[in-house]
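Let's have the full structure, built from the sequences with the hints guiding it.
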Amino acid sequence: MKKILLASLIGLASFNAAAQEEIKFAMEATYAPFEYMDENNQIQGFDVDLANALCEELKATCTFHNQAFDSLIPALKFKRYDAAISAMDITEARLKQVNFSNAYYDNSAAFISFEGKVADQVALEGKRVGVQNGSTHQSFLLEQMTGVTAVPYSSYQDAFIDMKNGRIDSVFGDTAVVAEWFKKEDNLTYVGDQVTNQEYFGNGFGIAVNKSNQELVDQLNVALAAVKANGEYDKIFNKYFGK
1 MKKILLASLI GLASFNAAAQ EEIKFAMEAT YAPFEYMDEN NQIQGFDVDL
51 ANALCEELKA TCTFHNQAFD SLIPALKFKR YDAAISAMDI TEARLKQVNF
101 SNAYYDNSAA FISFEGKVAD QVALEGKRVG VQNGSTHQSF LLEQMTGVTA
151 VPYSSYQDAF IDMKNGRIDS VFGDTAVVAE WFKKEDNLTY VGDQVTNQEY
201 FGNGFGIAVN KSNQELVDQL NVALAAVKAN GEYDKIFNKY FGK
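Residue numbers (our numbering): 1 to 243.
Be a bit skeptical, because a hint or two may be false.
Claimed, not checked - Derived DSS-like pairs: lysine-lysine, alpha-carbon spacing no greater than 27 Å straight-line:
(1) K127 / K164
(2) K239 / K211
(3) K59 / K228
(4) K79 / K211
(5) K24 / K235
(6) K24 / K164
(7) K183 / K164
(8) K24 / K117
(9) K77 / K96
(10) K235 / K211
(11) K184 / K228
Honestly, the hints are just simulated from the structure, not real lab data.
This structure is a prediction, so every number in the text was calculated from the model and none was measured.
Listed below in structure tokens is the structure:
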């Protein structure tokens, strides 16, 4: 561990001289616990705290900008933002459009519904399932579960409201995100096991960056290694997900 920390510090020392002073992060802020708006209309969450820790290592200032999820990659390609940190799975399809940092969170996905509504994942055949537009969950349903009707939403909050009102039968999202809803509803249930399909969810979440800015990717990777080595990552993780 000491060797890892020393290597990270040496890497940071070499990067800090060239690191940009401000890093503009885009995210879709309706995705608790990763990113959400607090009572003061400020963006908070695991991704925000992690980005701030990375910026502290890089001696840079973070700014955060709320953006629809399906427009995050186009916004990066047009260089409106420096990076996107928004619970975004690293996939081969996305790697054709943007570069990613090393993974910072191991992900899985889950179906949820109200008790008595859907017995198991086989019973989802012919059902309407809410997903976020542009997400890997949408791609998974369209490509791997063709008997299911994928209903796209701009946010999972809207999908959950429609599920409560009976307009859709289930919601399919990141396990950590749908778990938040169990704190607010008593009669929710998981539909089958977690989904860990390697093609869609097996590479973890990464920070997306314009393909022309590999230097920023390298800086973020060195900073990420540093916060993992010095214990700051674990503090942030435990704050949101427990030990």
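Quick rundown of the hints versus the structure:
At most 27 Å may separate the alpha-carbon atoms for a hinted pair to count; K127 and K164 meet this at roughly 15 Å. For the hint pairing K239 with K211, the CA-to-CA distance comes to about 32 Å; that exceeds 27 Å, so the pair is violated. A distance of roughly 17 Å separates the Cα atoms of K59 and K228; the hinted pair therefore holds under the 27 Å criterion. The suggested pairing of K79 with K211 holds, with an alpha-carbon distance near 10 Å, which does not exceed 27 Å.
For a cut-off of 27 Å, the pair hint linking K24 to K235 stands: about 24 Å separates their Cα positions. For the hint linking K24 to K164, the alpha-carbon distance of about 36 Å lies beyond 27 Å, and the restraint is violated. Between the alpha carbons of K183 and K164 the distance comes to roughly 15 Å, so the proposed pair stays at or under 27 Å and holds. Using a Cα cut-off of 27 Å, the hinted pair K24 and K117 is violated, with the two alpha carbons roughly 42 Å apart.
A hinted pair counts as satisfied when its Cα atoms are at most 27 Å apart, and K77 with K96 qualifies at roughly 11 Å. About 31 Å separates the Cα atoms of K235 and K211, which puts this hinted pair outside 27 Å; it is violated. The straight-line distance between the Cα atoms of K184 and K228 is roughly 32 Å, outside the 27 Å bound, and the hint therefore fails.
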